[in-house]
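Participant: Listed below are the residues making up each chain.
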Amino acid sequence: DTEVTQTPKHLVMGMTNKKSLKCEQHMGHRAMYWYKQKAKKPPELMFVYSYEKLSINESVPSRFSPECPNSSLLNLHLHALQPEDSALYLCASSQGNEQFFGPGTRLTVL
Amino acid sequence: AQKVTQAQTEISVVEKEDVTLDCVYETRDTTYYLFWYKQPPSGELVFLIRRNSFDEQNEISGRYSWNFQKSTSSFNFTITASQVVDSAVYFCAREGEYGNKLVFGAGTILRVKS
Chain Y
1 DTEVTQTPKH LVMGMTNKKS LKCEQHMGHR AMYWYKQKAK KPPELMFVYS YEKLSINESV
61 PSRFSPECPN SSLLNLHLHA LQPEDSALYL CASSQGNEQF FGPGTRLTVL
Chain S
1 AQKVTQAQTE ISVVEKEDVT LDCVYETRDT TYYLFWYKQP PSGELVFLIR RNSFDEQNEI
61 SGRYSWNFQK STSSFNFTIT ASQVVDSAVY FCAREGEYGN KLVFGAGTIL RVKS
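So the protein sequences, as listed, match chains Y and S. Residue 1 is where the first sequence starts when you use this note's numbering, and the numbers rise one by one after that. Residue 1 is where the second sequence starts when you use this note's numbering, and the numbers rise one by one after that.
Keep in mind the hints are simulated off the structure, nothing from the lab. Heads up, a few of these hints could be off.
[Unchecked claim] Partial chain S-side listing against chain Y, Cβ under 8 Å, derived:
| no. | residue |
| --- | --- |
| 1 | Ser42 |
| 2 | Glu95 |
| 3 | Leu102 |
| 4 | Gly105 |
[As the list claims (entries may be wrong)] List of simulated lysine-lysine pairs, BS3-like, C-alpha gap at most 27 Å:
| no. | chain 1 | residue 1 | chain 2 | residue 2 |
| --- | --- | --- | --- | --- |
| 5 | Y | Lys40 | S | Lys101 |
| 6 | S | Lys113 | Y | Lys41 |
| 7 | Y | Lys41 | Y | Lys9 |
| 8 | Y | Lys9 | Y | Lys38 |
| 9 | S | Lys38 | Y | Lys38 |
| 10 | Y | Lys19 | Y | Lys53 |
| 11 | S | Lys101 | Y | Lys53 |
| 12 | S | Lys70 | S | Lys101 |
| 13 | Y | Lys41 | S | Lys38 |
| 14 | S | Lys101 | Y | Lys41 |
| 15 | S | Lys70 | Y | Lys9 |
| 16 | S | Lys101 | Y | Lys36 |
| 17 | Y | Lys36 | S | Lys38 |
| 18 | S | Lys101 | Y | Lys9 |
| 19 | Y | Lys9 | S | Lys38 |
| 20 | Y | Lys22 | S | Lys70 |
| 21 | Y | Lys36 | S | Lys16 |
| 22 | S | Lys70 | Y | Lys19 |
| 23 | Y | Lys9 | Y | Lys22 |
| 24 | S | Lys16 | S | Lys113 |
| 25 | S | Lys3 | Y | Lys40 |
| 26 | S | Lys3 | Y | Lys22 |
| 27 | Y | Lys38 | S | Lys70 |
| 28 | S | Lys70 | Y | Lys36 |
| 29 | S | Lys113 | Y | Lys40 |
| 30 | Y | Lys40 | Y | Lys53 |
| 31 | Y | Lys53 | Y | Lys18 |
| 32 | Y | Lys38 | Y | Lys19 |
| 33 | Y | Lys38 | S | Lys16 |
| 34 | S | Lys16 | Y | Lys40 |
Think of the CB as a built atom: it goes at the ideal place given N, C-alpha and C, for glycine as much as any other residue.
Put together the whole structure using the sequences plus the hints.
Facilitator: Okay, structure coming up:
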């Protein structure tokens with residue numbers, strides 16, 4: 001299995017909602033990442049987990065809360081988001097420095 | 001921050017033309033890695049190539065080729081005989097100084113018309 005999967009593909013939520021994005025990989029990779037990508041921009045790193053521990057937080061607002069329950073799963077919990085948080089959220093995993101990306105979740109905050 | 005610059009915002013070509021996408025990077029590191037990714041309209045980032053700083057050999061993979069010039073800090077990507085399916089956004093990236101931290105260029109939109 002050489003892919004990273006993400007669910008859901010699309011998500012629409014209100015500013016008072018709580019939702020979660022899920023990412024899964026079964027390649028045995030020990031590093032996992034969340035990126036945010038706005039339209040016509042490159043991906044921006046949000047979080048890095050290494051061996052299930054948070055190793056990088058790029059000063060992301062606390063309304064985004066990552067979680068790594070085990071080495072194959074990565075979640076991003078969303079709460080009280082703003083319309084400007086609407087974007088494509090990409091998950092990636094790596095062993096070494098070649099990152100494999102999932103298809104992304106397209107999030108719209110109303 | 002050590003930047004990656006893709007000066008071409010958008011390129012349009014007609015099918016079967018060759019096209020080169022430019023990438024210039026900044027680095028203070030002796031060891032670093034450079035990457036190219038393709039992002040089709042579906043959104044998924046597709047890995048194309050990784051090159052480490054000690055390997056300056058050019059690489060060819062089918063219609064794709066890469067030219068790594070350390071002296072000019074460039075890592076250019078050429079598509080030969082372009083096809084409509086090559087239409088996508090292409091990102092050049094380097095591994096940041098702390099490892100596992102990709103720094104992306106702004107991307108180049110490639111449109112291939114039939």
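Participant: Please go over all the hints and tell whether each is borne out by the structure.
Facilitator: A quick look at each hint next to the structure:
Given the 8 Å rule on beta carbons, the hint for Ser42 (chain S) holds: about 7 Å separates it from the nearest Cβ of chain Y. Look at Glu95 (chain S): its Cβ gets to within about 5 Å of chain Y, closer than 8 Å, so that hint holds up. For the restraint placing Leu102 (chain S) at the interface with chain Y, the shortest Cβ-Cβ distance is roughly 6 Å, inside the 8 Å limit, so the hint holds. Checking Gly105 (chain S) against chain Y: minimum C-beta separation of about 7 Å stays under 8 Å; hint holds.
Note on Lys40 (chain Y) and Lys101 (chain S): the hinted pairing holds, with a Cα-Cα distance of about 21 Å set against a maximum of 27 Å. In summary, the hint linking Lys113 (chain S) to Lys41 (chain Y) is supported, as the alpha carbons are separated by about 23 Å, within the 27 Å threshold. Taking the CA atoms of Lys41 (chain Y) and Lys9 (chain Y), the gap is about 19 Å. The hint holds against a cut of 27 Å. Restraint check for Lys9 (chain Y) and Lys38 (chain Y): satisfied, since their Cα atoms lie roughly 16 Å apart, inside the 27 Å limit.
Of the supplied pair hints, the one linking Lys38 (chain S) and Lys38 (chain Y) holds, its CA atoms being roughly 16 Å apart against a limit of 27 Å. Between Lys19 (chain Y) and Lys53 (chain Y) the CA atoms are separated by roughly 22 Å; this keeps the pair inside 27 Å, and the hint holds. The straight-line distance between the Cα atoms of Lys101 (chain S) and Lys53 (chain Y) is roughly 16 Å, inside the 27 Å bound, and the hint therefore holds. For the proposed pair Lys70 (chain S) and Lys101 (chain S), the alpha carbon gap of about 21 Å is at most 27 Å, so the pair holds.
Between Lys41 (chain Y) and Lys38 (chain S), the direct Cα distance comes to roughly 13 Å. Compliance with the 27 Å bound is thereby established for this hinted pair. For the suggested pair Lys101 (chain S) and Lys41 (chain Y), the alpha carbons sit about 17 Å apart, so the restraint of at most 27 Å is met. A C-alpha spacing of about 40 Å is found between Lys70 (chain S) and Lys9 (chain Y), which places the hinted pair above 27 Å, so the restraint is violated. Note on Lys101 (chain S) and Lys36 (chain Y): the hinted pairing holds, with a Cα-Cα distance of about 14 Å set against a maximum of 27 Å.
For a cut-off of 27 Å, the pair hint linking Lys36 (chain Y) to Lys38 (chain S) stands: about 17 Å separates their Cα positions. The hinted pair formed by Lys101 (chain S) and Lys9 (chain Y) meets the criterion: a straight-line CA distance of about 25 Å does not exceed 27 Å. Note on Lys9 (chain Y) and Lys38 (chain S): the hinted pairing holds, with a Cα-Cα distance of about 19 Å set against a maximum of 27 Å. Straight-line distance between C-alpha atoms of Lys22 (chain Y) and Lys70 (chain S) comes to about 39 Å, which puts the hinted pair past the 27 Å bound.
The straight-line distance between the Cα atoms of Lys36 (chain Y) and Lys16 (chain S) is roughly 34 Å, outside the 27 Å bound, and the hint therefore fails. Taking the CA atoms of Lys70 (chain S) and Lys19 (chain Y), the gap is about 46 Å. The hint is violated against a cut of 27 Å. Restraint check for Lys9 (chain Y) and Lys22 (chain Y): satisfied, since their Cα atoms lie roughly 10 Å apart, inside the 27 Å limit. This hinted pair checks out: Lys16 (chain S) and Lys113 (chain S) have alpha carbons roughly 9 Å apart, not beyond 27 Å.
For the suggested pair Lys3 (chain S) and Lys40 (chain Y), the alpha carbons sit about 18 Å apart, so the restraint of at most 27 Å is met. Between Lys3 (chain S) and Lys22 (chain Y) the alpha-carbon distance is near 30 Å, which puts this suggested pair outside the 27 Å criterion. Of the pairs offered as hints, the one joining Lys38 (chain Y) and Lys70 (chain S) is violated, with about 31 Å between alpha carbons and a cut-off of 27 Å exceeded. Pair hint Lys70 (chain S) plus Lys36 (chain Y) does not hold up; C-alpha atoms about 30 Å apart against a cutoff of 27 Å.
About 20 Å separates the Cα atoms of Lys113 (chain S) and Lys40 (chain Y), which keeps this hinted pair within 27 Å; it holds. Taking the CA atoms of Lys40 (chain Y) and Lys53 (chain Y), the gap is near 31 Å; set against the 27 Å cutoff, the hint is violated. Only pairs whose Cα atoms come within 27 Å are accepted, and Lys53 (chain Y) paired with Lys18 (chain Y) is accepted, the gap being roughly 23 Å. A threshold of 27 Å between alpha carbons decides the hint, and for Lys38 (chain Y) with Lys19 (chain Y) the separation of about 19 Å falls inside it, so the pair holds.
Under the criterion of a C-alpha separation no larger than 27 Å, the hint pairing Lys38 (chain Y) with Lys16 (chain S) is inconsistent with the structure, at around 31 Å. At most 27 Å may separate the alpha-carbon atoms for a hinted pair to count; Lys16 (chain S) and Lys40 (chain Y) meet this at roughly 26 Å.
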